[in-house]
Amino acid sequence: MNSMTSAVLDEGKVVLETRQLTKSFGGLVAVNSANYRFIERQAHAIIGPNGAGKSTFVNLLTGHFPPSSGEILFKGQRITDFPAHKVSRLGVGRSYQKTNVFPVFTCFENCRLAAQAQLPTSMRFLRPAAMYKEVNERADWALDLCGLKSRGDRVAGSMSYGEQRQLEIGMVLATGPEILVLDEPLAGMGKEESERMVGLLKDLARRFTLILIEHDMDAVFSIAEVLTVMVNGTVLESGPVETIRASKAVQDAYLGDGAEAY
Amino acid sequence: MSRLPRSLSILLSVAIILLGAYPLFGDVLFPNKHAFLMQKLTGIMIMAVMAMSLDLLVGVAGLVSMGHAAFFGLGGYMLAMLSPEYSAANLWVVLPAALVVVAIASAMVGYLSIRTSGIYFIMVTLAFGQMGFYFFNDSKLAGGSDGAYIMVKPAVEILGVSLLNLGDKRTLYYVGLGALVGVYLLLRVVLASPFGRVVSAIGVNENRVRGLGFDPVAYKLLAFTIGGTIAGLAGFLAAIQYGFVNPATLSWHHSGEALVMVILGGMGTLFGPAIGAFVFELAKMGFESVTEHWLLPMGAMIIGIVLLLPKGVGGLLLQLFSGRSKMEGGQ
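Protein sequence lines correspond, in order, to chains A and B. Sequential numbering of the first sequence, starting at 0, is according to numbering that gives the first Met the number 0. Sequential numbering of the second sequence, starting at 0, is according to numbering that gives the first Met the number 0.
Bear in mind the hints are in silico, worked out from the structure with no lab data behind them.
A few chain B residues that don't get close to chain A, going by computed Cβ distances all over 12 Å: (1) Ile9; (2) Gly19; (3) Leu28; (4) His33; (5) Lys39; (6) Leu40; (7) Val63; (8) Val99; (9) Leu111; (10) Phe134; (11) Ile157; (12) Asp167; (13) Met297; (14) Met300; (15) Gly303; (16) Val305.
Once the Cα atoms are required to be at most 25 Å apart in a straight line, the calculated SDA-like pairs of lysine to any residue come out as: (17) A/Lys85 to B/Tyr110; (18) A/Lys85 to B/Arg114; (19) A/Lys132 to B/Arg2; (20) A/Lys97 to B/Asn206; (21) A/Lys97 to B/Val203; (22) A/Lys132 to B/Arg187; (23) A/Lys132 to B/Leu185; (24) B/Lys39 to B/Tyr241; (25) A/Lys85 to B/Leu111; (26) A/Lys85 to B/Asn206; (27) A/Lys97 to B/Asp214; (28) A/Lys190 to A/Gln163; (29) A/Lys132 to B/Asp214; (30) A/Lys148 to B/Val203; (31) A/Lys85 to B/Ser116; (32) A/Lys97 to B/Gly117; (33) A/Lys85 to B/Ala106; (34) A/Lys85 to B/Leu221; (35) A/Lys85 to B/Val203; (36) B/Lys310 to A/Thr105; (37) A/Lys97 to B/Val216; (38) A/Lys85 to B/Leu220; (39) A/Lys85 to B/Glu205; (40) B/Lys310 to A/Asn99.
No experiment lies behind these values; they were computed from the predicted model shown. We put the beta carbon where it would ideally sit given N, CA and C, even for glycine.
Modelling step: build the complete structure from the supplied sequences, incorporating the hints.
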C-alpha cells in the first residue's frame, strides 16, 4: 500500500494520478515519465500531435497496457498493475478511439451489458438478464444521457456512425463510472454530429471527472478547464486552458500561430 | 441471443412433437426399417446435444475447439470404467460421477488453452483432444485400441423400483429426445442470463468486454467447462446406446464432424447446430446407402450448403421467419 494519502489541493481532490509513468515499445518510448494529476469533477483535456503518446497514455491509465515503469494511483490506491476489467470496476470508464460497440446487439442490449458491470458479478445463470430491474434502469439512464433514448431497439451496427459514437459513450456511462476517459470522441464525425457530441461532452463535464483526448481544438477549448499538451511522450505544458492557449512554447510546438491552424 | 421469432418457435416445437410421436407411427411408415431408424434417430439426437454444446463454444463464445470430442469420449469411457462387468451400474451414481470427471477435465483443458486465441486455440485444443485419444488408445485402462463394452445398461431406480429400462430401444429414444430438448432449454436459459450475455459479447468483441469490467478469461473458462460437460453427457448417453466405447469417440475426426454440424446448422443459433446434426447424419445415411464413395457427395453437399447458406440452415430459418425480412421483402 502506498503510504501517501491523496493530496487535497486548493483546486480539489486528486482522484487519479500518475507518477513517472513510462511505456516503451522496444526502442520507442511512447510515454516518458508522465506525471499527471486529475482533479475530481474537473474536465481535463490532453492534446498533442499524432504519435505524441496520448492513446498509449489512455491504454496505460485504463489497464489495457501494463506500464514499463512508474505508478498509477486511484484515490491514493496503487492500481499500476490492475488489468483493464478491474480498473473499469473501480470506476474508471473508458471509450475507444475506434468505434467499439457490439454491432449485432441492439442499442439497449449494448448498454444493458455495460450496466451489468453494476452487479457484484455477472456469474448468474438462471434469471434472464432482461429481468434485472436495476440493470435495465441503469441502461435506460445511460441511453437517455447519451441521447439515444429513442434508438433502444435499433441494432447498433445499423445506426449512423455518429450515433454509434454516442452509444460508445452511453456504454461507458452505463458501467457507472466516476471518471470518464474518452479517447477522441469526435474522431471522424461530421459537423452536425460533432456539435451534438460537444453538447453531450459539456453535459458530462458537469457530472463527472473527465479526461478527454481530442484533436479538435475548438471543442477542447469549449469543454476543458485544464489542458495538458503532450509531445513525444512527455508533458510539454499543463495548466488552465487560458494559460496554455497563451503559452508561447505551446503555440510554437503545437498550435502554430493560431488555434484555427490545426 | 435474442428471442426466436414466434413462427420459428412453433415450427421447432412441431418438429419436436413429430420426433416424439415417431416411435408410435414409425412402424406404419417404415415397416422394415423402423427399429433401425429409431436407433439411428436416437444416435442423431445425442449428436445434436453434442453439436449444441460445441455451438456454445464456437458460435457463442468464439472459441473454435477442435478437441471437443475428447469430452464426449471421456463421458462414455467413464460409464464403461464405472460399470461392473456383469451387473448394472446405478445411474444416480455413475452419471454424476462421469459428469464431474468430465467437468474437471474440461476445466483443466480450458484453463490451459483459453489464454490463446484464433489458430493457436484450435491447435492447443486439437493437441489436448489427441492426448485424450492416445491416452485411451495406448493404455490398458479400458481395452486400449479395442475399446470396451458396457455389458449391462445402468439401472435407473428409486428405492429399488425401476423407473426406466435403458435396454429398451424406445425408452432410450425418449431419453435422447429428453436430453435434446432439456439441453436446448437449459442453454437458452443460460444464454439469456447475465452470464450468457457476457459470453455472447465475448464472441463479438472480447476486448470491449474487458473494458466494460468483465474478466473474459473467467467467463470463457466457465463456458468451456459447461460445453465440455454437456458433451460428456452426450458421450455418456451414446455409450449407453451402443454398449461400447472406443478411442475413436475422442478423436479429432469426431471433433471435426461436430464442428461441421455446427457450421451446417448455423453458428451461434443453438437450434441450428441441432438441425445440423440431423442434416449431417441423415445425408451420410442416405449417401452411404447409395454408394460406398459416400464421402464424395457428402463433401459436395457440405461445400454447397456453406456456399449458399453462409449462416447455415439455422441462419436461413431465422431470416425466413424474422419480421424484418418480411418488411424488407428479403429472401
